[in-house]
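> Respectively, the protein sequence lines represent chains X and D.
The working numbering runs 13 ahead of the 1-based position in the first sequence.
The working numbering runs 4 ahead of the 1-based position in the second sequence.
Check each hint, because a few of them may be wrong.
Claimed, not checked - Straight line, CA to CA, 25 Å or less: simulated DSS-like cross-link-like pairs of lysine-lysine:
#1 D:LYS83 to D:LYS21
#2 X:LYS232 to X:LYS180
#3 X:LYS33 to X:LYS57
#4 D:LYS52 to D:LYS83
#5 D:LYS83 to X:LYS389
#6 X:LYS220 to X:LYS57
#7 D:LYS15 to D:LYS83
#8 X:LYS15 to D:LYS21
#9 D:LYS15 to X:LYS389
#10 X:LYS229 to X:LYS177
#11 D:LYS15 to D:LYS85
#12 X:LYS93 to X:LYS148
#13 D:LYS130 to D:LYS85
#14 D:LYS62 to X:LYS389
#15 X:LYS389 to D:LYS21
To be verified - If the Cβ cut is set under 8 Å, some of the chain D residues that face chain X in the computed set are:
#16 LYS21
#17 GLY44
#18 GLU48
#19 GLY67
Derived by calculation from the structure, the hints in this document are not laboratory data.
Glycine included, each C-beta is placed from N, C-alpha and C at the ideal position.
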Amino acid sequence: MKRIYLDYAATTPTHPEVVKAMLPYFTEAFGNPSSIHSYGQEAKGAIEEARVKVASLISARGEEIVFTSGGTEADNFAIKGVAFANESRGNHIITSSVEHHAVIETCKFLEKRGFRVTYLPVDEYGLVDFNDVRKAITDKTILISVMRANNEMGTIEPIAEIDKIAKEAGVYFHTDAVQAVGHIPVDVDDLGVDLLSMSAHKLYGPKGVGALYIRKGTKLTSFMHGGEQERRRRASTENVPGIVGFGKAAELARQEMSEEAERLTCLRDRLVKGLLERIDHTRLNGHPIMRLPNNVNISVDFVEGESMLLNLDLEGICASTGSACSSSSLEPSHMLLAMGLSHEQAHGSLRFSLGKWTTEEDIERVLDVLPSVVAKLRAMSPLLKSQR
Amino acid sequence: MRNVWSLYSDKVMEHFKNPRNVGEIENPDGIGHVGNPVCGDIMELYIKVNDSTIVDAKFKTFGCGAAIATSSMVTEMVKGKSIDEALEISNRAVAEALDGLPPIKMHCSVLAEEALKSAIEDYLAKSGRRNNECK
Chain X
14 MKRIYLDYAA
24 TTPTHPEVVK
34 AMLPYFTEAF
44 GNPSSIHSYG
54 QEAKGAIEEA
64 RVKVASLISA
74 RGEEIVFTSG
84 GTEADNFAIK
94 GVAFANESRG
104 NHIITSSVEH
114 HAVIETCKFL
124 EKRGFRVTYL
134 PVDEYGLVDF
144 NDVRKAITDK
154 TILISVMRAN
164 NEMGTIEPIA
174 EIDKIAKEAG
184 VYFHTDAVQA
194 VGHIPVDVDD
204 LGVDLLSMSA
214 HKLYGPKGVG
224 ALYIRKGTKL
234 TSFMHGGEQE
244 RRRRASTENV
254 PGIVGFGKAA
264 ELARQEMSEE
274 AERLTCLRDR
284 LVKGLLERID
294 HTRLNGHPIM
304 RLPNNVNISV
314 DFVEGESMLL
324 NLDLEGICAS
334 TGSACSSSSL
344 EPSHMLLAMG
354 LSHEQAHGSL
364 RFSLGKWTTE
374 EDIERVLDVL
384 PSVVAKLRAM
394 SPLLKSQR
Chain D
5 MRNVWSLYSD
15 KVMEHFKNPR
25 NVGEIENPDG
35 IGHVGNPVCG
45 DIMELYIKVN
55 DSTIVDAKFK
65 TFGCGAAIAT
75 SSMVTEMVKG
85 KSIDEALEIS
95 NRAVAEALDG
105 LPPIKMHCSV
115 LAEEALKSAI
125 EDYLAKSGRR
135 NNECK
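Produce the entire structure from the sequences given, and follow the hints as far as they go.
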């Protein structure tokens, strides 16, 4: 059976050209970039070249990029880094209630260390109201962190507006752009952000590498202490093949992004329309227009997400859910609940995230398969009876 | 490569794909209703009792793969059992009959046991035969 991968927001396959670019750095060009000899300098040159490519993708300068082990580290670095370096100025952080766990859990950690965190509510589409940001600012506020685009329901946040407020108040502004970079245009000057998190494996690069953009002049503590790598901001021997792969992925994304976004938007809208037409009692989660080109998130009433996923997987279709039947908390997605969905609706959510190798046939296949999966599960649902 | 199904045993997947005893029983002798939307699992279990023997059992479940499989399995296990025997069925026995569940899914088997107990209690209450064994 042909497998259909519709979980690109979880991770993407590494682009064959990226793999090709990485390979020499495992073998003949294996040097440590800190070494003086030619092996070292070869590796050093490769990471500096990659740095410029990654910087170009977000209209930044190479020296403003620090490579990390991924998006989670970049978020931790940005938030803890600003918090610890600016403690004398204040202890208040503003974020949203729909952030990735990498941001939310870092903020919760800081709360235990005496910081105060405001988690802004969102509307039914998952949008933060920038007036709420304004109201939340106090003279103790040191950082605002609002994501560029939501990983679960794809909503694109109005962060350029939020930035104006941050600038007026003299507060640092961080955005988690892990889902956005390489998929929609991200320009650090247009957005006005001081810090921006990225991850390679969301844009056809390898896992285990990401980056934090740090605007020149931003005060933050180093993430790891040790050697002098990454301008002393993040010690540890660089992940040379990973960084080279990230650079190649960024280069490819720059070339292909606009055409690919257009293609995916068309497929996305077709899938949304088809699902809502063919299955009753469904709704689109997230904003209909201000959303990532590759994200489809729907809630199907009366059925639970994991059981839909298992049935889809039996048909070769790989997707994702906001139901958390397999997490220890059993609580469904905090993002969907923050948007006002009921627990049942959040447990009945499905995310299809499209990508480079998604075809029209794949979309048609989902539209053929999901209605019968839902019908089968609804026939055994105790919720349906009580509704009718 | 790890098989995509290694989350669940073949037996769990078999019951998930072809659940036994789905539906409701008309005029049941006992109904068990457990779970809640917050944790994402709701089970309804219906039993028909004849001469202190469970002659039929059916279920309706909103929940994950393990919730559906344990519902299916517990209805299979109780059929033909006396009320006393049915009360002995533990969540562990349901999980074992399915060749095990991932640790994180053991709560589904607890739910299945509770649904069964709740259906039996309902039966005993209705039939006025509530005894000391089932609190």
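> Please go over all the hints and tell whether each is borne out by the structure.
Cross-check of the supplied hints:
1. D:LYS83 to D:LYS21: Given that 25 Å is the threshold and the Cα spacing comes to 21 Å, the pair holds.
2. X:LYS232 to X:LYS180: holds, 15 Å
3. X:LYS33 to X:LYS57: Status holds; Cα separation ~19 Å.
4. D:LYS52 to D:LYS83: At roughly 9 Å apart (the allowed maximum being 25 Å), LYS83 of chain D and LYS52 of chain D satisfy the hint.
5. D:LYS83 to X:LYS389: holds, 24 Å
6. X:LYS220 to X:LYS57: holds, 20 Å
7. D:LYS15 to D:LYS83: Distance ~19 Å between LYS15 of chain D and LYS83 of chain D Cα, so the pair holds.
8. X:LYS15 to D:LYS21: holds, 20 Å
9. D:LYS15 to X:LYS389: holds, 19 Å
10. X:LYS229 to X:LYS177: holds, 18 Å
11. D:LYS15 to D:LYS85: holds, 22 Å
12. X:LYS93 to X:LYS148: Between LYS93 of chain X and LYS148 of chain X the Cα gap is close to 23 Å, so the pair holds against 25 Å.
13. D:LYS130 to D:LYS85: holds, 19 Å
14. D:LYS62 to X:LYS389: OK: LYS62 of chain D and LYS389 of chain X at ~16 Å, within 25 Å.
15. X:LYS389 to D:LYS21: Given that 25 Å is the threshold and the Cα spacing comes to 10 Å, the pair holds.
16. LYS21: holds, 7 Å
17. GLY44: holds, 4 Å
18. GLU48: holds, 4 Å
19. GLY67: Since chain X brings a Cβ to about 5 Å from GLY67 of chain D, closer than 8 Å, the hint holds.
The structure shown violates none of the earlier numbered hints.
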